[in-house]
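**Q** Letter by letter, the sequence shown follows residues 1 to 419 of the UniProt record's numbering.
One should not assume that every hint holds.
Between beta-carbon pairs, the in silico distance windows are [what the hints assert, rightly or not]:
| no. | residue 1 | residue 2 | range |
| --- | --- | --- | --- |
| 1 | Asp42 | Ile365 | 45 to 55 angstroms |
| 2 | Leu83 | Lys197 | 16 to 26 angstroms |
| 3 | Leu172 | Gly251 | 20 to 30 angstroms |
| 4 | Lys80 | Val266 | 46 to 56 angstroms |
| 5 | Asp42 | Leu83 | 18 to 28 angstroms |
| 6 | Asp77 | Phe364 | 43 to 53 angstroms |
| 7 | Ile293 | Tyr396 | 11 to 21 angstroms |
| 8 | Lys190 | Asp42 | 40 to 50 angstroms |
| 9 | Val303 | Asp336 | 50 to 60 angstroms |
| 10 | Glu12 | Ile262 | 35 to 45 angstroms |
| 11 | Ala194 | Phe364 | 41 to 51 angstroms |
| 12 | Asp77 | Asp216 | 18 to 28 angstroms |
| 13 | Tyr396 | Val91 | 41 to 51 angstroms |
Once the Cα atoms are required to be at most 20 angstroms apart in a straight line, the calculated SDA-like pairs of lysine to any residue come out as [as the list claims (entries may be wrong)]:
| no. | residue 1 | residue 2 |
| --- | --- | --- |
| 14 | Lys273 | Ile262 |
| 15 | Lys13 | Met189 |
| 16 | Lys79 | Ala20 |
| 17 | Lys197 | Asp129 |
| 18 | Lys273 | Ala20 |
| 19 | Lys405 | Ala213 |
| 20 | Lys43 | Phe94 |
| 21 | Lys197 | Phe72 |
| 22 | Lys79 | Ile185 |
| 23 | Lys400 | Ala132 |
| 24 | Lys79 | Met189 |
| 25 | Lys80 | Tyr11 |
| 26 | Lys282 | Leu306 |
| 27 | Lys210 | Phe72 |
| 28 | Lys405 | Pro215 |
It is worth saying that the hints were derived from the structure and are not from the lab. Cβ coordinates follow ideal geometry from the N, Cα and C atoms, glycine included.
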Amino acid sequence: MSETKPTFTGYEKFIIALLATLQFTVVLDFMVLSPLGYILLDKLSITTSQFGLVVSAYAFSAGASGLLTAGFADKFDRKKLLLFFYVGFLVGTFFCGIAPTYHLLLAARIFTGIFGGVIGSISFAIITDLFAINVRGRVMGFVQMAFASSQVLGIPIGLYLANQFSWHAPFLMIVGLGLIVGILIVTRMKPIDAHLKNPQKGNAFQHLAKTLARPDYLQGFAATALLATGGFMLMPFGTAFGVHNLGIAEGSLPTLYMVTGISMLVFSPMIGKLSDKAGKYKVFLMGSTVTCIMTLIYCNLSVTPLWIIIGLNVLLFIGITGRMISASALMTAVPDPQDRGAYMGINSSIQQIAGGLASLLAGFIVSETSTGFIENYPLLGDVVVFAVIVTALLMYRIHKYVAAKLAAVAPANAPNPAV
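Construct the entire structure; sequences and hints are all you get.
**A** See the structure below:
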């Protein structure tokens, strides 16, 4: 009797855990700033627009950095590239943890974004290099747990440290955890340089221009822009809508974050496994359908009991997570091996910039009354649903492209794992 071969080797499990923890620190660094807003407004004596600039400065600097470095991404060992940018990210986060004034904090956020914005694309390139397409959904499911973990563990711990010590403490906590991750990258991660065996001709900027010019890559970039647009539109005003429109007590917000985050910790691996078994585009369509239904319901609510809000919020995030995991796994199959770093870098930049623009657009759609009530939120939901539907149509083209690409290199009777 032959033994069943495990899905992942011990080293592959280590890589998944390492990348998930690394993503946790990067995501937490970005997400913890918004809950700290009420403290920063008071301690630094800044306006809401100035605080908004601190939040968006990271996204825009990350987007610009990704574009500038994309051409170089395939010319180095991915381990060295990851370590370089992660060290820069930790240095920037440390500067945030010691910044005494608003302008120095703003400069630190820009510096952090320059390095932190590239890390996600390098991580996805590593996943694509090390894991076959038929298990990539599961890998993405585990790595995407970083978002849920930041809600369950990171934000509550960060707020506790901020209240007990100062608003600098959460950033210093991230640096401490990040140093452990950095040491593990240096000591345990093997070089990832197989793509260097088929190097691109020309310099980095020619490589960048060539990657940007490929029509089959452009549809992937367009889908990424729309994916980010749908997600980032609801995020900036979600808390204000919950408190002032739905009647959620401010003291109940941690419960909402916690339950939603725990649910995503449970469902993310399941969604990843389902996308490998049932097909990534099918799971994307299911996630998009749930997202559309829940968005239309949620954005048209008035004052509602907390338990109903929590249930709807969990369902909404299941839909959003289903789209993220399946789309990320499918997108990794779009670029050729020698273009992966550049493609992922450009993709990450587009995601950051589109998210920043989506947040700005949302600010023009909704308005706040003198009592804090958020107006036009149903209209914002309609725009998000429209973006989700258009994205689904565009992702179908990518699904067909990937299926044809995999069929061309697979044996005639082999099942296509992307379908």
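**Q** Each hint: holds or not?
**A** Do the hints match the structure? See the list:
| no. | hint | in the structure |
| --- | --- | --- |
| 1 | Asp42 to Ile365: 45 to 55 angstroms | violated, 29 angstroms |
| 2 | Leu83 to Lys197: 16 to 26 angstroms | holds, 21 angstroms |
| 3 | Leu172 to Gly251: 20 to 30 angstroms | holds, 27 angstroms |
| 4 | Lys80 to Val266: 46 to 56 angstroms | violated, 36 angstroms |
| 5 | Asp42 to Leu83: 18 to 28 angstroms | violated, 38 angstroms |
| 6 | Asp77 to Phe364: 43 to 53 angstroms | holds, 44 angstroms |
| 7 | Ile293 to Tyr396: 11 to 21 angstroms | holds, 20 angstroms |
| 8 | Lys190 to Asp42: 40 to 50 angstroms | holds, 48 angstroms |
| 9 | Val303 to Asp336: 50 to 60 angstroms | holds, 53 angstroms |
| 10 | Glu12 to Ile262: 35 to 45 angstroms | violated, 26 angstroms |
| 11 | Ala194 to Phe364: 41 to 51 angstroms | holds, 46 angstroms |
| 12 | Asp77 to Asp216: 18 to 28 angstroms | holds, 27 angstroms |
| 13 | Tyr396 to Val91: 41 to 51 angstroms | holds, 42 angstroms |
| 14 | Lys273 to Ile262 | holds, 18 angstroms |
| 15 | Lys13 to Met189 | holds, 12 angstroms |
| 16 | Lys79 to Ala20 | holds, 15 angstroms |
| 17 | Lys197 to Asp129 | holds, 13 angstroms |
| 18 | Lys273 to Ala20 | holds, 16 angstroms |
| 19 | Lys405 to Ala213 | holds, 19 angstroms |
| 20 | Lys43 to Phe94 | holds, 19 angstroms |
| 21 | Lys197 to Phe72 | holds, 15 angstroms |
| 22 | Lys79 to Ile185 | holds, 8 angstroms |
| 23 | Lys400 to Ala132 | holds, 18 angstroms |
| 24 | Lys79 to Met189 | holds, 7 angstroms |
| 25 | Lys80 to Tyr11 | holds, 18 angstroms |
| 26 | Lys282 to Leu306 | violated, 32 angstroms |
| 27 | Lys210 to Phe72 | holds, 13 angstroms |
| 28 | Lys405 to Pro215 | holds, 14 angstroms |
When held up to the earlier numbered hints, the structure conflicts with 1, 4, 5, 10 and 26 and fits the remainder.
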